[in-house]
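There are 4 protein chains.
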Amino acid sequence: MKKLNVGLIGYGFMGRTHSNAFRKVNNFFDLEYKPVLRAICARSEDKAIDFADKWGYESVETDWRALIARKDIDLIDIATPNNSHAEIAIAAAKAGKMIMCEKPLSMDGPEGKKMVAAVEKAKVPNMVWYNYRRVPAVTLAKQLIDEGKLGKIFHYRAKFLQDWTISPELPQGGAGLWRLDAKVAGSGVTGDLLAHCIDTAVWLNGSIDKVNAMTETFIKERKHTETGKVQKVQIDDACAFLARFNNGSLATFESTRYARGHKALYTFEINGEKGSLAWDLHDLHRLQYFNYADEGRVRGWRNIHVTDGDQPYMKNWWVPGLQIGYEHTFVHQVADFIQGLSSGKPASPTFRDALETQYVCDAVLKSARTQKWEKVPKK
Amino acid sequence: MKKLNVGLIGYGFMGRTHSNAFRKVNNFFDLEYKPVLRAICARSEDKAIDFADKWGYESVETDWRALIARKDIDLIDIATPNNSHAEIAIAAAKAGKMIMCEKPLSMDGPEGKKMVAAVEKAKVPNMVWYNYRRVPAVTLAKQLIDEGKLGKIFHYRAKFLQDWTISPELPQGGAGLWRLDAKVAGSGVTGDLLAHCIDTAVWLNGSIDKVNAMTETFIKERKHTETGKVQKVQIDDACAFLARFNNGSLATFESTRYARGHKALYTFEINGEKGSLAWDLHDLHRLQYFNYADEGRVRGWRNIHVTDGDQPYMKNWWVPGLQIGYEHTFVHQVADFIQGLSSGKPASPTFRDALETQYVCDAVLKSARTQKWEKVPKK
Amino acid sequence: MKKLNVGLIGYGFMGRTHSNAFRKVNNFFDLEYKPVLRAICARSEDKAIDFADKWGYESVETDWRALIARKDIDLIDIATPNNSHAEIAIAAAKAGKMIMCEKPLSMDGPEGKKMVAAVEKAKVPNMVWYNYRRVPAVTLAKQLIDEGKLGKIFHYRAKFLQDWTISPELPQGGAGLWRLDAKVAGSGVTGDLLAHCIDTAVWLNGSIDKVNAMTETFIKERKHTETGKVQKVQIDDACAFLARFNNGSLATFESTRYARGHKALYTFEINGEKGSLAWDLHDLHRLQYFNYADEGRVRGWRNIHVTDGDQPYMKNWWVPGLQIGYEHTFVHQVADFIQGLSSGKPASPTFRDALETQYVCDAVLKSARTQKWEKVPKK
Amino acid sequence: MKKLNVGLIGYGFMGRTHSNAFRKVNNFFDLEYKPVLRAICARSEDKAIDFADKWGYESVETDWRALIARKDIDLIDIATPNNSHAEIAIAAAKAGKMIMCEKPLSMDGPEGKKMVAAVEKAKVPNMVWYNYRRVPAVTLAKQLIDEGKLGKIFHYRAKFLQDWTISPELPQGGAGLWRLDAKVAGSGVTGDLLAHCIDTAVWLNGSIDKVNAMTETFIKERKHTETGKVQKVQIDDACAFLARFNNGSLATFESTRYARGHKALYTFEINGEKGSLAWDLHDLHRLQYFNYADEGRVRGWRNIHVTDGDQPYMKNWWVPGLQIGYEHTFVHQVADFIQGLSSGKPASPTFRDALETQYVCDAVLKSARTQKWEKVPKK
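Residue numbers (this note's numbering), protein chains in the order written: chain C, 1 to 379; chain P, 380 to 758; chain S, 759 to 1137; chain Z, 1138 to 1516.
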């Protein structure tokens, strides 16, 4: 088996999900390459060493430029906050490294466009970790839609609801809380949560033509962990938008961190002439399917427990009825990336694919400012 | 339209459900007969008058023998506690009256047998109010099973769980509480709740060959409302039994009034070679259906919202999506009874049909005493 | 008991729900008045007679003006298509009749304003049949919100999804299909379905400040049943809008008749600082409640089976665990209307209350045309 | 960190779940020991080598006696079919090895008793892989019960339903199908599935006093993969039993491989005076909890999404709302075993704990033969 030498940058929540995926993938998937955990890079050497110990990285770096310069690294995995993605990715591309980049791709569309140019010029394999495409139930939805099981699509609706920032005592900035700091995160729920919804939506239902959004920041000021001062909050706490897809279907999207009772409730539903599909992240191993072709008297939403060998990815895991969880989506992402290396057909979403989501996010945030419908630029 | 002159005996919970059904049935069903509420009979004249006022009965009686003697009554509806069913029904049959009798038919099988003999000798139309057969979802289950949609049956399981007698302060006996008094009720959950489960089971899955039961009385003594004294509780608070049906399938049944959190959770599930069905009373307008013939990848339990015109009884009500409730099962029962009068094919369950449930209950209670498997006598 | 002499106009779906409510209400509620079904009015005498037979109306009329002129009628119940509400209601008010009017109040806000003026000038009791306020679970939600159980509100979302007009073969106009004919219905899903969502939302969460909508007509032309010709469809098949409430909360609303798999799925959810509530019409007897004050380890959405005596309206029906259905909301509406007569505190929604929904609908339809945010006029 | 040198015997489904657990545990839990995958033992050297490659075992053995004899092995992990557990475990104990043994402990109680004697004499740490105790939702149930949240217990009910052996074409015996071969498996669903139900039940609700069972073998003969002949099937395809616990509560248990539509539906529910709990394996990350102390009007089953940091095990995984799956229960088992080594308080279930389940299974199978209530022997 060939080695795929990985250098990870970032040791937070996403550093953990990626590391776990690299470690597990060959236990469950037969692949041509085996990821080898060569180095973890973090500004704090102590934290890098702790992380390396816990996850089995062979070495540590404290300067990502040094990591990129290393000859023994094939793939740079970017798991840092959003405002550093572009610089690292462009440098890694120039150095000829493969790149896996945490979502969202970039702070905005123009920045993302440069990243796409860089990886395409360098011709390096690249991917963005929009992991929810790899939930087996979501992949099954994609198969059914592509086979025409839903017919003409009328409606798409998606939500991503959380409730972790309701307390005004929660500060902004710093480890774990950079998602509240616009300078680091770029935006609030739009880039963090709606980006997931948009990525899935575009994958399942094609491109979005235009959007009309509203955003809100419920808590106007929060203490900043770095300055110690109460500062204006500049991210969007909530965002909802109407959209029209190129295929003529209508959509509603909503995300918030103020929906009491929902921890990470990403849901989508798609309604077509022949059938409908619905899914939610809180029971990610299930897909709801309504098939109008079923006999009328016994028609009903089918509650599909996606744990069987004939369903996407599942023959690699346990036995029917035994569910997998969140982390497995990252394992699937690595498996697909490696299969893309072998086949020469890059696994999605590439940087270019992910740029589309960036453009939709830009249009959404612009619409919230202009209070008008905004067209999504072509990628 | 022909008149069907009704004389009701009893003004309790069941007096209300029956009266409502008689009043509503012609608003929704096209029938040859129209029930006319001629008289309500209760020992207390005041209560009879109040009830007559509320429900539109034309007259009151305080002696059920007088009611039965009246020429202007076609149908005697028995809605009294269990220990009076036999005497009233046998007298009504002798008087040539049609009879609708609240369930359970009788205090036990031998008593029920006499009732069957009386109505069959008198050749009067007769029915027992096992209303859950007339839940549209349950009737749909019956259709599917009879059409062979489930194939060979392997398993049946039913439960009826309540929680209203957990408090030791609750007395036994008297209005509303006669269900705790063995002299009036005959038994506890067996005749009250399991009788429903058994009636449905036998209807859907055929006769039961033998049973093996355990019963328990958790609160051993309760104050009796009539004597004012603390007396031994002689009913079964809980009963569970194993059963084997004649068709070779295995079953479990359970009922209790000590299942905290369940108000009236009657559920059944039936598993066959080709499919399965499940239903519960807390969402009575839904039927769960698993069809093994569906394509493997998208097989799942179908959650059928039984509110459409092609589903049993539903074309008579509102529009698709709008659910009916508990009381409508009684309306259906009256509609079916009347259609039986018109067609000459008596609607089920007749007294004879209901006698089978009585025999199963007897075997269950006997088994709880003998601690052995007991055969169900042939009806 | 005093008599409340009812004259009904219209014999369709709503004529049935209202008649059933008038007939049942005194069986279950202790009230000062008893509705008496004096007359049913319909243009077709045959249909009026059939309906009178089925429901027990004492007489028939074929001209609603004649009905209004009758001295023996106290209350005019309007169950006709939308385009006749105003004329009838204004005439009835002038004649000093009480009025119950099917929703939506009017074809648009200006028309509704005249109706409000008429009933207020005449000082006649008046109400609009927004029946979903009287679902016990929805009334319970109202109680909890009014008691402050949710705290500050951040989000409201509502949907009303159907799928009955997907076929292009379905014609527009005529009996049962007037909802597709803009001249009769005023609008499509906005006045038909979103009006319900808006009425509930304003009741639960206060007034809406502004809206931003999109509408779509998926099937552009349909045969008209009256002309026999293929004509342009002028109603909205689908409508979604963003909204901001006066209390600072954000909302999304959506309705369509093209959501395959949903018959009448009206759902709402409201998220506050201290808790959240959710409800859906397909299981109308349940309320979902999340209480942040619960201990963290065992916090979860409570699935409340609203069938108990301490829950709104339910002590009047059966016993705990036994669900009521759609029709009962109309019974509650009549009970509340009558209690309003007795107490002198009119039950909501009055015409004035319902006018607010009309103004929101107007703003929604205007926004769909202007493609801008539109303020809701003050009622 | 100290090394815990593991020698695994068996490379099937359970060999995979255990190996995954050993590999992952230190990535997520801070522990004193780190499992090191020293050797995998299988009769087929090729298969052993393949497995070692896939999972990172340092060496292979083809004779388990040789494995046990190795000085560099601290812990023998038994993941072989049931009929070899006793011989291996007793030998491992004699060699002073720690032992983790796949469930069920043994072929029957007497055999299990010898195993208990062996490990207790040798004073070696020992555990049986009843992994469902380590589902966070199940562990949370245990906490709540132990804290008295349910009060006096009235009822326990458990089911384990599958549907994978319905086809008569399925052979018995051989890889993956040894569960149909009584010589290898000992029994059918009783030892395979009910053993899980019993282990959880005894853990949550204390010891079982007596049982009354029925078993069935629906397909009487199947081809044997080893002999190639059609042979009598000697396992139980289905088993249901009534039980009484020492604490006075009543129980029903059922398991089958003929419940069409259920892949691995292990469910339990427990009803106490103050509350109830329910759980099912198909949504293992959820716990249902009914708390009678909640205000009556808003009482309902709480649907607890067990993914938060204050819930058992979950602070070690991802962030709230992101579910784990089946495999994580094995990781928790290893973590608890290691914490038991550190603390000197052995994690449950030890061999002695698991022997109790064996005795219950023996009583169940005996009762099915004698058709009588059978007492469970004291462990």
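Treat the hints with caution; some may be incorrect.
Only some residues are given here: those of chain Z computed to face chain S with a beta carbon under 10 Å [said to hold, decoys possible]:
no., residue
1, Phe-1165
2, Leu-1277
3, Lys-1286
4, Arg-1434
5, Gly-1437
6, Trp-1438
7, Arg-1439
8, His-1442
The calculated BS3-like cross-link candidates involving lysine-lysine, where the alpha carbons are at most 30 Å apart (straight line), are [what the hints assert, rightly or not]:
no., chain 1, residue 1, chain 2, residue 2
9, P, Lys-473, P, Lys-502
10, Z, Lys-1347, P, Lys-751
11, C, Lys-3, Z, Lys-1171
12, S, Lys-1130, C, Lys-220
13, S, Lys-900, C, Lys-263
14, P, Lys-602, Z, Lys-1289
15, Z, Lys-1357, P, Lys-751
16, S, Lys-1032, Z, Lys-1411
17, P, Lys-426, S, Lys-760
18, P, Lys-450, P, Lys-528
19, Z, Lys-1184, C, Lys-3
20, C, Lys-113, C, Lys-123
21, S, Lys-900, P, Lys-381
22, C, Lys-142, C, Lys-345
23, Z, Lys-1509, P, Lys-751
24, P, Lys-433, S, Lys-792
25, C, Lys-183, Z, Lys-1452
26, Z, Lys-1279, Z, Lys-1357
27, P, Lys-754, Z, Lys-1347
28, S, Lys-910, C, Lys-366
29, P, Lys-521, C, Lys-274
30, Z, Lys-1411, P, Lys-602
31, P, Lys-528, P, Lys-694
32, S, Lys-990, C, Lys-372
33, Z, Lys-1286, C, Lys-2
34, P, Lys-653, Z, Lys-1369
35, P, Lys-531, Z, Lys-1400
36, S, Lys-1124, C, Lys-375
37, P, Lys-611, Z, Lys-1289
38, P, Lys-433, S, Lys-760
39, C, Lys-2, Z, Lys-1411
40, S, Lys-1124, C, Lys-223
It is worth saying that the hints were derived from the structure and are not from the lab. No experiment lies behind these values; they were computed from the predicted model shown. For each residue, glycine too, the CB sits at the ideal point set by N, CA and C.
Structure-based check of each hint:
Checking Z:Phe-1165 against chain S by beta carbon gives a least distance of about 20 Å; that is not within 10 Å, so the hint is violated. With 10 Å as the threshold, the beta carbon of Z:Leu-1277 comes within range of chain S, its nearest partner Cβ sitting at about 7 Å, so the hint holds. A distance limit of 10 Å between C-beta atoms decides the matter here; for Z:Lys-1286 the minimum to chain S is near 8 Å, and the interface restraint holds. Interface hint status for Z:Arg-1434: upheld, as the beta-carbon distance to the closest one in chain S is roughly 5 Å, under 10 Å.
Proximity of Z:Gly-1437 to chain S holds as hinted, the smallest CB-CB distance being about 4 Å (cut-off 10 Å). Because the smallest distance between the Cβ of Z:Trp-1438 and any Cβ of chain S comes to about 5 Å, under 10 Å, the interface hint for this residue holds. Given hint, Z:Arg-1439 at the interface with chain S, holds; its Cβ is 4 Å from that chain's nearest Cβ, closer than 10 Å. Hint on Z:His-1442 holds. Least Cβ distance to chain S is approximately 7 Å, under the 10 Å limit.
A C-alpha spacing of about 10 Å is found between P:Lys-473 and P:Lys-502, which places the hinted pair at or below 30 Å, so the restraint holds. Simply put, Z:Lys-1347 and P:Lys-751 have alpha-carbon atoms about 14 Å apart, close enough for the 30 Å limit, and the pair holds. Annotation: proposed proximity of C:Lys-3 to Z:Lys-1171 holds, straight-line Cα distance about 25 Å (limit 30 Å). Between the alpha carbons of S:Lys-1130 and C:Lys-220 the distance comes to roughly 26 Å, so the proposed pair stays at or under 30 Å and holds.
A threshold of 30 Å between alpha carbons decides the hint, and for S:Lys-900 with C:Lys-263 the separation of about 25 Å falls inside it, so the pair holds. Between P:Lys-602 and Z:Lys-1289, the direct Cα distance comes to roughly 22 Å. Compliance with the 30 Å bound is thereby established for this hinted pair. At most 30 Å may separate the alpha-carbon atoms for a hinted pair to count; Z:Lys-1357 and P:Lys-751 meet this at roughly 26 Å. A threshold of 30 Å between alpha carbons decides the hint, and for S:Lys-1032 with Z:Lys-1411 the separation of about 25 Å falls inside it, so the pair holds.
Annotation: proposed proximity of P:Lys-426 to S:Lys-760 holds, straight-line Cα distance about 21 Å (limit 30 Å). Distance restraint check for P:Lys-450 and P:Lys-528: the Cα-Cα separation of roughly 48 Å exceeds the 30 Å cut-off, and the hinted pair is therefore not satisfied. The suggested pairing of Z:Lys-1184 with C:Lys-3 holds, with an alpha-carbon distance near 23 Å, which does not exceed 30 Å. The suggested pairing of C:Lys-113 with C:Lys-123 holds, with an alpha-carbon distance near 15 Å, which does not exceed 30 Å.
Pair hint S:Lys-900 plus P:Lys-381 does not hold up; C-alpha atoms about 47 Å apart against a cutoff of 30 Å. Distance check on the hinted pair: C:Lys-142 and C:Lys-345 sit about 18 Å apart at the alpha-carbon level, within 30 Å; holds. About 6 Å separates the Cα atoms of Z:Lys-1509 and P:Lys-751, which keeps this hinted pair within 30 Å; it holds. For the proposed pair P:Lys-433 and S:Lys-792, the alpha carbon gap of about 10 Å is at most 30 Å, so the pair holds.
At roughly 29 Å between alpha-carbon atoms, C:Lys-183 and Z:Lys-1452 fall within 30 Å of each other, so this suggested pair holds. In summary, the hint linking Z:Lys-1279 to Z:Lys-1357 is not supported, as the alpha carbons are separated by about 40 Å, beyond the 30 Å threshold. A C-alpha spacing of about 23 Å is found between P:Lys-754 and Z:Lys-1347, which places the hinted pair at or below 30 Å, so the restraint holds. Taking the CA atoms of S:Lys-910 and C:Lys-366, the gap is near 28 Å; set against the 30 Å cutoff, the hint holds.
Distance check on the hinted pair: P:Lys-521 and C:Lys-274 sit about 28 Å apart at the alpha-carbon level, within 30 Å; holds. As the CA atoms of Z:Lys-1411 and P:Lys-602 are separated by approximately 23 Å, the hinted pair is consistent with the 30 Å bound. The hinted pair formed by P:Lys-528 and P:Lys-694 meets the criterion: a straight-line CA distance of about 23 Å does not exceed 30 Å. Distance check on the hinted pair: S:Lys-990 and C:Lys-372 sit about 29 Å apart at the alpha-carbon level, within 30 Å; holds.
With a C-alpha separation of about 55 Å, the suggested pairing of Z:Lys-1286 with C:Lys-2 is violated against the 30 Å cut-off. As the CA atoms of P:Lys-653 and Z:Lys-1369 are separated by approximately 24 Å, the hinted pair is consistent with the 30 Å bound. Of the pairs offered as hints, the one joining P:Lys-531 and Z:Lys-1400 holds, with about 19 Å between alpha carbons and a cut-off of 30 Å not exceeded. For a cut-off of 30 Å, the pair hint linking S:Lys-1124 to C:Lys-375 stands: about 21 Å separates their Cα positions.
Taken as a hint, the P:Lys-611 and Z:Lys-1289 pair is honoured in the structure, with Cα atoms around 21 Å apart against an allowance of 30 Å. Taken as a hint, the P:Lys-433 and S:Lys-760 pair is honoured in the structure, with Cα atoms around 14 Å apart against an allowance of 30 Å. In summary, the hint linking C:Lys-2 to Z:Lys-1411 is not supported, as the alpha carbons are separated by about 60 Å, beyond the 30 Å threshold. Proposed proximity of S:Lys-1124 and C:Lys-223 is contradicted: the alpha carbons are some 42 Å apart, above 30 Å.
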